[in-house]
Amino acid sequence: MWPIFDYGRFVSIISSSDVYGVVWMRSLAQLHKMANLRVLVGVKRVIDYAVKIRVKPDNSGVVTDGVKHSMNPFCEIAMEEAVRLKEKKLAKEIIAVSCGPAQAQETIRTALAMGADRGIHVEVTGKSIDGDNNQTGQMTAALLDWPQATFASEVTKENDHLKVVREIDGGLETVKVTLPAVITADLRLNEPRYATLPNIMKAKKKKIAKHKAADFGVDLTPTLEVVGVEDPPVRQAGQKVESTEELVAKLKDSGVV
Amino acid sequence: MASRLIPSAGQYLRLANRLRQHVRTKATAPSPAATTSEGAPSGGRGYSFELTDEQREFQDLARKFAREEIIPVAPHHDKTGEYPVPVLKKAWELGLMNGHIPADCGGMDLGIFDTCMITEELAYGCTGIQTAIEANSLGQMPVIIAGNAEQKKKYLGRMTEEPLMCAYGVTEPGAGSDVAGIKTKAVKKGDEYILNGQKMWITNGGHANWYFVLARTSDDPKMPAGKAFTGFIVDRDWEGVTPGRKEWNMGQRASDTRGITFEDVRVPAENVLGAEGVGFKIAMGAFDKTRPPVAAGATGLAQRALDEATKYSLERKTMGKYIAEHQAVAFMLAEMAIMVETSRLLTQRSAWEIDQGRRNTYFASIAKAYAGDAANKCATDAVQIFGGNGFNSDYPVEKLMRDAKIYQIYEGTAQIQRLIISREMLAKAKQTQW
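One line per chain: the protein sequences are B and V, in this order.
For the first sequence, position 78 matches number 78 in my numbering, and the numbering has no gaps at all.
For the second sequence, position 16 matches number 16 in my numbering, and the numbering has no gaps at all.
Among these hints, one or two may not hold up.
[To be verified] Stretches of chain V that chain B covers, calculated by requiring three or more beta carbons in the stretch to come under 8 Å of a beta carbon on chain B:
no.: 1; segment: 47 to 58
no.: 2; segment: 133 to 145
[Unchecked claim] The list that follows gives simulated cross-link-like pairs (lysine-lysine, DSSO-like), each with its CA atoms no further than 27 Å apart:
no.: 3; chain 1: B; residue 1: K88; chain 2: V; residue 2: K428
no.: 4; chain 1: B; residue 1: K206; chain 2: V; residue 2: K90
no.: 5; chain 1: B; residue 1: K86; chain 2: V; residue 2: K90
In case anyone wonders, no lab produced these hints; they're calculated from the structure.
C-beta atoms are modelled at their ideal positions from N, C-alpha and C, and glycine is treated no differently.
Could you put the whole structure together from the sequences, leaning on the hints where they help?
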């Protein structure tokens, strides 16, 4: 149900853990001419990470009205990586895409100020915050039938493919992906730069193409329904014990051991 | 018939009331056709408190920079007095400095409103560091106002090409408020001027690449101030220019303040700003554009004091509850909030007025006078709310109190501001028929 963008042949994708980016190559036959790569970076407008989240009184979701929103920090990291690829002359063009309400354009503008060349806004009405589902990159790769390298902490170009170091539970895993591919960003991939004031001013002139999901023949009828959202249980006070024997006895009493 | 020529008591009172209202609204209401800045919605009513998207982004950038780059290093620069070169360089790279340099000199041509917004956010981090940045604006303003194309290109252009600093040199050891009493002399000799004298309390004095210097060019003691002085651009590395030692001040210690000695400095005639004799007007004209940002700096400090005090009052407990729940403290916080909001509104109004192309002297003085007093009161109250901890250097508020004091002194003392305000309003009142 994810919209597919008709850009011809895609090369690789750089994304946050929840959104995706795509690098586009002019011709598969010119695999060695990496400078023709185009990078599509997905950016999402989410509740600012510094805000204390509050659940709505009717438990239908979290409070978003009047709450500060900004670009998902992982999307910033993905954008930064794309800009670095362009600075290394490995990428030719960076396109920022966001699927969301009208305010998503602010997020695209931030991406433009960071260095994206143009933006695409697909208007999707209704609630949209980061669910931390860790699905978007993977789903996109599956739909496109492309290789994926998620939780990237390092991306290097090697001849006609990308070498990606991934952060996994057990440590680090290095994979090689042919292009086109999907990459999702992890925290340690890079440190995003500030957008400079002149770049913020220049971003005003860059174009943002506006679309609706229907333009791509995509049906957005949800297949998941959120039944309820609750606060996590309040942490109970602990108890102090005097000795190990007392600890074991208490644990046995409570049925834990 | 005759009765119509002589107004009755009632008619006279009604007329007087209308005039009084007219004077009041004229003094405070903005022109109906204006809006805050291009693209800002005004609801069709000509006045708006909305920021544009771009202004919001500028503000976010400055806010982020203050919290991530300035606040962590501010205590170090306060303790050592070390000039914050890395922070200044980063601010320059991001375009947070020199914002009002015209576009044709490589600048961003920002209005004073946007400058004030950015200044307030940076001052929140540290007013010492922000003053170093602000002194650049002050030094550049005479050139922006009165410089010719070559001077602008030469001296403003270089500020956008490299992270350079400049300074505004008017005050002397013997003359601060009394600008007309300065003794630095410039004597014309061929196509040069020989400059001799001493300036004092020059911000960025030790690091400036060039100075704006006001000197007396008329020998006639009866010559009016408006014709007796000339403004010059003086390069730092000309022979005879000697910055003194860094002065150790009560606060804003990150900022570099020095005395500068000029001994037989040869200034080419092409470095005269405007023309010989108009220096006083240029020096004062710069203030109309730089007083609002100084007021903005004071507002940033007051906001910081308020935020620190609020945060502390929600953490510290006394007599069974958070001190914020004690009315005495809550009322202090409320009064600080009143001062912060008022400071900000006055600053914005004075900045907006000059961006509309109007003379804003009255508003700029009000803003600076009020914001300076507000900053001092808020900082003092913040220390009070912190109690014993507030007096201690491990907590951030004592620095705020030390930094705030100068806002009642530089850029026109609190007393001079009141002189200006009373003069402006009395002049207007004299034109009114009561």
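Hints, one by one, checked against the model:
1. 47 to 58: Holds, because 4 residues of the segment 47 to 58 of chain V bring their Cβ atoms closer than 8 Å to Cβ atoms of chain B.
2. 133 to 145: violated (count 0)
3. B:K88 - V:K428: 63 Å, violated
4. B:K206 - V:K90: 25 Å, holds
5. B:K86 - V:K90: Distance of about 22 Å is within 27 Å: holds.
Hints 2, 3 from the list above are not met by this structure, while the remaining hints are.
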